[in-house]
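Q: Chain by chain, the residues:
There are 2 protein chains.
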Amino acid sequence: MGQVVKVALDAMGGDNAPVEIVKGAVDALAESEDLVVYLVGKEKIIKEELGKYQYDDRRILIVPADEVIETAEPPVMAIRKKKESSIVKALYLVKNGTCDAFVSAGSSGAILVGGQLIVGRIKGIDRAPLAPVIPTASGCSLLIDCGANVDAKPNNLVQFAKMGSIYCEHVLNIEKPRVAIVNIGAEEEKGNLLVKETFPLLKACDDINFIGSIEAREIPNGYADVIVCEAFVGNVILKLYEGTASVLVQKIKEGLKSNFKSKIGAALALPTLKDTLKSFSTKEHGGAPLLGLNGLVVKTHGSSESVEIKNSLLQCRTFKEQDINGKIRQQLMIGND
Amino acid sequence: MGQVVKVALDAMGGDNAPVEIVKGAVDALAESEDLVVYLVGKEKIIKEELGKYQYDDRRILIVPADEVIETAEPPVMAIRKKKESSIVKALYLVKNGTCDAFVSAGSSGAILVGGQLIVGRIKGIDRAPLAPVIPTASGCSLLIDCGANVDAKPNNLVQFAKMGSIYCEHVLNIEKPRVAIVNIGAEEEKGNLLVKETFPLLKACDDINFIGSIEAREIPNGYADVIVCEAFVGNVILKLYEGTASVLVQKIKEGLKSNFKSKIGAALALPTLKDTLKSFSTKEHGGAPLLGLNGLVVKTHGSSESVEIKNSLLQCRTFKEQDINGKIRQQLMIGND
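Same order as they appear, the protein sequences are chains W and S.
Using this note's numbering, you'd call the opening residue of the first sequence number 1 and step up by one each time.
Using this note's numbering, you'd call the opening residue of the second sequence number 338 and step up by one each time.
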């Protein structure tokens, strides 16, 4: 048995809470004996769910929290007012050192704001980027930043590139990850003001494998491992990626049902088709880490099922085992906080 | 027979020039007796291609141009130096009033720069946006701006919204087109500085049907008809849209070939599958207009085949018939140049 990793898990967050969340926790414990999960939320409901399973009860703890932050609530206000919410209580477990990490499928805004306000950034890190893993033709890439802090500055993007590279190498196991900046052309002189100012700074970094610009067309091909961009652009990329895939798949399904011959064809091809689509689902790769905090905060999809919760908990284990925050401090040459 | 519409067509531009370009011109003439096409490029080659077809030779003219601007050339320099290129000569045909419009599958950069430098903007229009039509689940939308002028200002975006709305209504035949601004959340207070400043200006316009923000996830659903954004974001959206669809389709095809059962299924379902994918191809909707110029400039895909060229030529006819530039001048309340 290795180092124990303690994760606070928001039992109330997301469309499938608490059923899929609790199942994800139980499944993760079965896969990793180093893991301890703090289920944060309404005690009675959590107990009922846990009653369905057999599990090592020394490694699942319940932390009662009676309030829930809804997705539609303005995040800053919600974090300030709902002190008894599962998100706020869980974040304090990380803040005070009881837990190493926090995983939630709840309100993105509250998680992003709460992560920065309560857990706090590593000293010297100016912004904490949200870095989801997206599927590509050849595997997956880390898209950094997709968070709520828009209008970043060039030095923010340089920090994103470095943190993303460390995470990609040690958590996603990609050696010498190729780092690229999202641009509207391959040439160095292309781009908006932000990209033009950031490009030479990234080029000058000798601690990352910077390969230059990436056009959005090349993102699905897996042309880069770490895709650096400002949060507005990152958010557009992430959501369009999900939207396009989902509409296209829907259209294909409708089309295949439109006549007898194609219906038979579809029935024969369906299992393979499903496998293909699954490999292209953004849900297969666990949650998105909010990097640069004094601890780890992971945001999973609102529609998370148990497998995504399980993968996110295992991801927290790797994050601690690989001492990602230690590596961030060291590589960005910033002191301990 | 209606009003005659004269279009300068770059016979040398794009991957399939001159074969598909010349074929597109001949096909367009057969569909519209109002159309006159000026084929601009190397005379001998154009004549050889034209020799393959029967057509009304009073309505196809050849304008010799011995130089070609390559895709990789820096646009500003190319436009200045290559006075004998098909792009520059064709743009002057529009500038001096010989032609109403220019269509090219050649260098995007040269077309965008040349359109503004040679043809020139309508007085009072500060930027000429490139507005491709993208396929959606329910039809198509106009994405404005996808051009080369990044870092737009709020008043530029307001002009884009108005011009896009006029084009959408009168060329794409969408009544009271729904205009939305690309944003990272549905609420008015969300967004980056540019979007926050632009939102109230659009809301105050009583001559467009502004429906608020659109998240990138909703773009493929066809939630808006005119999608307004700054060019860097627009470029990312357009290219990611094309890239995601193409990779997903490739993956599906590979998957279907992977075992015997799905191979049989795929053979049966293929015609229907192809129809579906065709309806989602960005090539089915003709070229992208560069709006706000003293004339019309249309950029088609570099990989354009004859059908896209033909559709783009017919689009130029509608543009003139509907007096789009007159409507732009009138609605934006700017005088004649």
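Since the hints were made in silico from the structure, they are not lab data.
From the three backbone atoms N, C-alpha and C, an ideal C-beta is built for every residue, glycine too.
Hints are not guaranteed to be accurate.
As the list claims (entries may be wrong) - Derived Cβ-Cβ restraints for the label pairs, each shown as a range: (1) Lys513/S - Thr71/W: 30 to 38 angstroms; (2) Phe597/S - Thr98/W: 22 to 30 angstroms; (3) Gln322/W - Asn596/S: 46 to 54 angstroms; (4) Pro271/W - Val356/S: 53 to 61 angstroms; (5) Gln340/S - Ala204/W: 55 to 63 angstroms; (6) Pro271/W - Gly461/S: 39 to 47 angstroms.
Stated by the list, open to error - Result set (DSBU-like, lysine-lysine): computed pairs, CA atoms no more than 30 angstroms apart in a straight line: (7) Lys389/S - Lys278/W; (8) Lys588/S - Lys153/W; (9) Lys588/S - Lys263/W; (10) Lys239/W - Lys153/W; (11) Lys576/S - Lys615/S; (12) Lys196/W - Lys576/S.
Q: If a hint holds in the structure, say so; if it does not, say that too.
A: Against the structure, the hints:
1. Checked against the given bound of 30 to 38 angstroms, the beta carbons of Lys513/S and Thr71/W, roughly 31 angstroms apart, stay inside it.
2. At about 55 angstroms, the beta-carbon gap between Phe597/S and Thr98/W misses the expected band of 22 to 30 angstroms.
3. Distance hint check for Gln322/W and Asn596/S: the Cβ-Cβ separation is about 38 angstroms, which falls outside the suggested range of 46 to 54 angstroms.
4. A hinted range of 53 to 61 angstroms is violated for the C-beta pair Pro271/W and Val356/S, which are about 42 angstroms apart.
5. In this structure the supplied range 55 to 63 angstroms holds for Gln340/S paired with Ala204/W, their Cβ-Cβ distance being about 59 angstroms.
6. Checked against the given bound of 39 to 47 angstroms, the beta carbons of Pro271/W and Gly461/S, roughly 59 angstroms apart, lie outside it.
7. At most 30 angstroms may separate the alpha-carbon atoms for a hinted pair to count; Lys389/S and Lys278/W exceed this at roughly 49 angstroms.
8. Distance restraint check for Lys588/S and Lys153/W: the Cα-Cα separation of roughly 37 angstroms exceeds the 30 angstroms cut-off, and the hinted pair is therefore not satisfied.
9. Between Lys588/S and Lys263/W the CA atoms are separated by roughly 20 angstroms; this keeps the pair inside 30 angstroms, and the hint holds.
10. About 23 angstroms separates the Cα atoms of Lys239/W and Lys153/W, which keeps this hinted pair within 30 angstroms; it holds.
11. Taking the CA atoms of Lys576/S and Lys615/S, the gap is near 17 angstroms; set against the 30 angstroms cutoff, the hint holds.
12. Distance restraint check for Lys196/W and Lys576/S: the Cα-Cα separation of roughly 20 angstroms lies within the 30 angstroms cut-off, and the hinted pair is therefore satisfied.
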